[in-house]
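Q: Please take these sequences and the hints and turn them into a complete structure.
There are 2 protein chains.
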Amino acid sequence: MSGRSSRLHIVELLRKSIDTPCQMKLLLIPVFLMAIAGIAPAAVKTEVVEYKQGDTALEGWMVYDDSGAGKRPGVLVVHDYYGVGDFVKGRAGELAKLGYVAFVADIYGKDVRPKSQQEAGAQAGKYRNDRPLLRARVNAALDVLKKDPNVDPARIAAIGYCFGGMGVLELARSGADIAGVVSFHGSLDTPTPQDAKNIRCKVLILHGADDPHAPAAQVAALEDEMRAAGVDYQVVLYGGAVHAFTRPDAGNDPSKGVAYNEKADKRSWQAMKDFFAEIFTVASK
Amino acid sequence: MSGRSSRLHIVELLRKSIDTPCQMKLLLIPVFLMAIAGIAPAAVKTEVVEYKQGDTALEGWMVYDDSGAGKRPGVLVVHDYYGVGDFVKGRAGELAKLGYVAFVADIYGKDVRPKSQQEAGAQAGKYRNDRPLLRARVNAALDVLKKDPNVDPARIAAIGYCFGGMGVLELARSGADIAGVVSFHGSLDTPTPQDAKNIRCKVLILHGADDPHAPAAQVAALEDEMRAAGVDYQVVLYGGAVHAFTRPDAGNDPSKGVAYNEKADKRSWQAMKDFFAEIFTVASK
Numbered sequence: 038m039s040g041r042s043s044r045l046h047i048v049e050l051l052r053k054s055i056d057t058p059c060q061m062k063l064l065l066i067p068v069f070l071m072a073i074a075g076i077a078p079a080a081v082k083t084e085v086v087e088y089k090q091g092d093t094a095l096e097g098w099m100v101y102d103d104s105g106a107g108k109r110p111g112v113l114v115v116h117d118y119y120g121v122g123d124f125v126k127g128r129a130g131e132l133a134k135l136g137y138v139a140f141v142a143d144i145y146g147k148d149v150r151p152k153s154q155q156e157a158g159a160q161a162g163k164y165r166n167d168r169p170l171l172r173a174r175v176n177a178a179l180d181v182l183k184k185d186p187n188v189d190p191a192r193i194a195a196i197g198y199c200f201g202g203m204g205v206l207e208l209a210r211s212g213a214d215i216a217g218v219v220s221f222h223g224s225l226d227t228p229t230p231q232d233a234k235n236i237r238c239k240v241l242i243l244h245g246a247d248d249p250h251a252p253a254a255q256v257a258a259l260e261d262e263m264r265a266a267g268v269d270y271q272v273v274l275y276g277g278a279v280h281a282f283t284r285p286d287a288g289n290d291p292s293k294g295v296a297y298n299e300k301a302d303k304r305s306w307q308a309m310k311d312f313f314a315e316i317f318t319v320a321s322k
Numbered sequence: 038m039s040g041r042s043s044r045l046h047i048v049e050l051l052r053k054s055i056d057t058p059c060q061m062k063l064l065l066i067p068v069f070l071m072a073i074a075g076i077a078p079a080a081v082k083t084e085v086v087e088y089k090q091g092d093t094a095l096e097g098w099m100v101y102d103d104s105g106a107g108k109r110p111g112v113l114v115v116h117d118y119y120g121v122g123d124f125v126k127g128r129a130g131e132l133a134k135l136g137y138v139a140f141v142a143d144i145y146g147k148d149v150r151p152k153s154q155q156e157a158g159a160q161a162g163k164y165r166n167d168r169p170l171l172r173a174r175v176n177a178a179l180d181v182l183k184k185d186p187n188v189d190p191a192r193i194a195a196i197g198y199c200f201g202g203m204g205v206l207e208l209a210r211s212g213a214d215i216a217g218v219v220s221f222h223g224s225l226d227t228p229t230p231q232d233a234k235n236i237r238c239k240v241l242i243l244h245g246a247d248d249p250h251a252p253a254a255q256v257a258a259l260e261d262e263m264r265a266a267g268v269d270y271q272v273v274l275y276g277g278a279v280h281a282f283t284r285p286d287a288g289n290d291p292s293k294g295v296a297y298n299e300k301a302d303k304r305s306w307q308a309m310k311d312f313f314a315e316i317f318t319v320a321s322k
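From first to last, the protein sequence lines are chains A and B. If you want the numbering used here, it's the 1-based position in the first sequence plus 37. If you want the numbering used here, it's the 1-based position in the second sequence plus 37.
Treat the hints loosely; a few may be bogus.
Listed next, the stretches of chain A that the computed footprint assigns to chain B, with coverage defined by at least 3 CB atoms under 8 angstroms from CB atoms of chain B [said to hold, decoys possible]:
#	stretch
1	156 to 164
2	242 to 255
3	274 to 284
4	293 to 307
None of these hints come from the bench; they were simulated from the model. No residue lacks a Cβ here, since even glycine has one placed at the ideal position from N, Cα and C.
A: Okay, here's the thing in structure tokens:
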């Protein structure tokens, strides 16, 4: 059967089986695919999870599609200096729609929800200056995610924004057994670059080329650190983008050093998706 | 109808219409999609195209899927210092399979096909030292692509490898009216960085973080050039990758400064595909 006649044959069968115009069939493609793959339309659930690190009570969110797709990759989401809030919750929701179980980590503590930049800065500074504590907090959240019944513990990644970028990099430096970490406009510096020798996962840095809070010299230092340790890393620099380029509430004036950049936001999200497609495929083999 | 019963309904219809086991249906998905979209399986054709720049005879290859999909985006492919050959022809074939019309540009001239590194270096050096001539040669190839009956002239990009990276950047600096350029481990330096003010397209630099032939200082200079001119640019650095990371025949010893890197090859190809998805969508609006 030639390619053309085979094609016509299948189209004819589809015509007979479902009495809709041809254009309608295009609309049905996603439904076909979901039907064949056994996936119901997404229904994202968000569950509050209380957990502890040492004696400190923490409260995160487990966000996932509850349509019963079985064990799937898990993604830890580490907040920026504002702490647990709508921004990271929104990102976790997007991850859930992509088919992942997302867990929004709480680094600061159950009742610590900064109300101002000053409060946020004070909290972030506490963990910036105590990396062992930061590592312990991120690892405590990782443990929660790994134990979730919907999560395949062999396929875990962590993403972080600004302060959370520092968090996921310290998670990697702590030797966490995960597939990869992604930093979005993260703080890349560390007091212990030699700890990169502990890194067992792949590293993706998504960064504003004009970020004054983590400038080119800090990117270069991170590269030196990763290079020296033989880490599988990638750095993506978005021209014109500054700090917090994924946050729509960051304004649109890059001269302030902090601004939303829609192009960089979309491009970095796509880069993350590609990274996950790679690391979760490899990890499941 | 609930999501679940709707799903079962469609699955049942598919079962009745085509008498194959459920697993087989998965294999049929691409055929369904192509049938519904009116696309026959790819049949890549390669045509030799003779053209001229000034009095110089040039010979490139137009590579495309001849299944009659109508006007589609065009991608100019500029060779590395070895000139027109199997490597760029292969990449053009991959682009054709993705649905683009690819044109392999000939920069050196119809009868100039270097047989040794020495010959290749001499040819590349000639154009490195005569950027106006290089621009003229790349633009001559662009004209051929733009006039191709299968190409939508509003959706054109150019990619280049090593020497060809220099070529597509000079094409951009010449003010070419295209949607974007992509450099794979390209030479990024230019004697006229001020010409970046002419750039009308988006720029994507896919680069080995350890490329000794276009090292970090050259990347930084390119960034300064693009930043000063307000160009929409991105730089992706692949850790552990050196020069020629996309060429399987480049060996596998990065300490030589030139080596194939399968991960960087695949990642950079994916980054190019994402870039095309973005720029061709915007350009067609």
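Q: State for each hint whether it applies.
A: Verification of the supplied hints:
no.	hint	verdict
1	156 to 164	violated (count 0)
2	242 to 255	holds (count 3)
3	274 to 284	holds (count 4)
4	293 to 307	holds (count 4)
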